[in-house]
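**Q** Sequence:
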Amino acid sequence: MKKKRRHSTPTLSTPSLTLMSPTKTDPTHERARRPTNGSQSQVGKLKFLDYLIKPVQRICKYPLLLDLLKVKGAVNGIAGSNVVESAGASMRHVCGLVDEASMKQAHSIKSALIVSRIMASRQDEKAPNLPADFLNSLGVCLLAGALDVVHHSSSRARYLGAFLYVGGYLLLVKIPKSGKVYEPKFWLSLVGYEALDAEEDDAAFPFSFHLFGNGHHLQFAAACQHEKDIWLAGIQEATSQPPSWQNEPVTNLQTTEKEKVPIAAEVLVEEPHDLTSPGLPTIHSMGEMEDHDGAMQIPRTYSRPFKTMPRLEGSAFRNEQLGSGYVPLSRRSSTASVKAFFAPLSFETSSRISRPSSQVRQQVDHGLHDVFSDSCIAVRSQAQMRGGELFQVRKKYSAGCLGRIPGSVSLPQ
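With full-length UniProt numbering, letter number 56 in the sequence shown gets 56, and the count goes up by one each step, no holes.
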């Protein structure tokens, strides 16, 4: 019996099976490779609204374009370069106005944030409250930062947030750990105050300056020399403009009992003086005064103004006393009276002032990071890049008085 032959197909007739890449068959890959017609039309054509998305950036590019035209025109000898130069100057003026408006807007936002955080401190019953209408009337904060503050005759420096406003109003705030609330510590108007900078910087309290006025002496220390210059210039600029605030509260600076006592009275108690001086009573005259009036009366003698009086006011006060028949102490008086006479031109030593720790500074800086003035941040960063340390206390210093104050009145001959 004949076997049936199995049907077989030749290998050439079968289609070749090749491995296909999955990316070639993926329709999403094809769509990703080919841009849509809509995107092609958007790239090729821009609508009018597209030109208004970022007008500031486009305006800033115009001076560069005009500078290129000016250079090419000068090379090719094309007339009209003055017109191109005038157009470039006009565009730069517009860019300056844009930058100024942007800076004012940033200052307004920071000022509003400062006021809101001070207002938030009202929830704490222990924290002092400032009127809301007064805070809102302060206007734009001219300078915001942090300084070491000493209210003499205290020996402790506090690292406080400092806000200087146009017109010369200064707010010093305490920053809690949360950093979301600013508790007012001191507030005062700088009208009647005098800012003084010592020629010789104190090694124990470097980069410091002083504020004298209204019976108070405040000493501030910046992080570096450039930051100190910024604050002195800011105080001068702020006080040169008229104030705009309303319903000003009474300052909370309190004069201590030590500051209220005249220095000359302390000297008279501590050191005996020449009893034959015509300005002072002798032992016999004191007995006669007691018999005549029934009680001993010692005339009050002021050889110098209070420690916290401004330099110019103190000199005028001393000259007024000399011109009204004031009899000075004799030459044979003690050396303590001589030191008291020269004391108006010097300050107490700050070698005993305790400085805040680095942890406290980090806490305060973190609470002020979004309102800190850009100029202060820049100079601090530059000082650290140069290898310097912020609020650095010098190792070698001599305890004593500070140097002479620039512009101070000389001693009378």
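Derived by calculation from the structure, the hints in this document are not laboratory data.
Treat each hint with caution, since some may be false.
[Claimed, not checked] Distance condition first, Cα-Cα at most 20 Å in a straight line; then the derived DMTMM-like pairs of lysine to aspartate or glutamate: (1) Lys-180 - Asp-365; (2) Lys-174 - Asp-229; (3) Lys-104 - Asp-374; (4) Lys-110 - Glu-183; (5) Lys-185 - Asp-197; (6) Lys-185 - Glu-100; (7) Lys-180 - Glu-194; (8) Lys-174 - Glu-389; (9) Lys-185 - Asp-67.
**Q** Compare the structure with each hint and give your call.
**A** Status of each hint after checking the structure:
1. Of the supplied pair hints, the one linking Lys-180 and Asp-365 holds, its CA atoms being roughly 12 Å apart against a limit of 20 Å.
2. Only pairs whose Cα atoms come within 20 Å are accepted, and Lys-174 paired with Asp-229 is rejected, the gap being roughly 23 Å.
3. A hinted pair counts as satisfied when its Cα atoms are at most 20 Å apart, and Lys-104 with Asp-374 qualifies at roughly 13 Å.
4. For the given pair, Lys-110 sits about 17 Å from Glu-183 by alpha-carbon distance, which is consistent with the 20 Å threshold.
5. A C-alpha spacing of about 24 Å is found between Lys-185 and Asp-197, which places the hinted pair above 20 Å, so the restraint is violated.
6. Under the criterion of a C-alpha separation no larger than 20 Å, the hint pairing Lys-185 with Glu-100 is inconsistent with the structure, at around 32 Å.
7. Restraint check: the Cα-Cα separation between Lys-180 and Glu-194 comes to about 33 Å, which exceeds 20 Å; the hinted pair is violated.
8. At roughly 23 Å between alpha-carbon atoms, Lys-174 and Glu-389 are farther apart than 20 Å, so this suggested pair is violated.
9. For the hint pairing Lys-185 with Asp-67, the CA-to-CA distance comes to about 53 Å; that exceeds 20 Å, so the pair is violated.
Hints 2, 5, 6, 7, 8, 9 from the list above are not met by this structure, while the remaining hints are.
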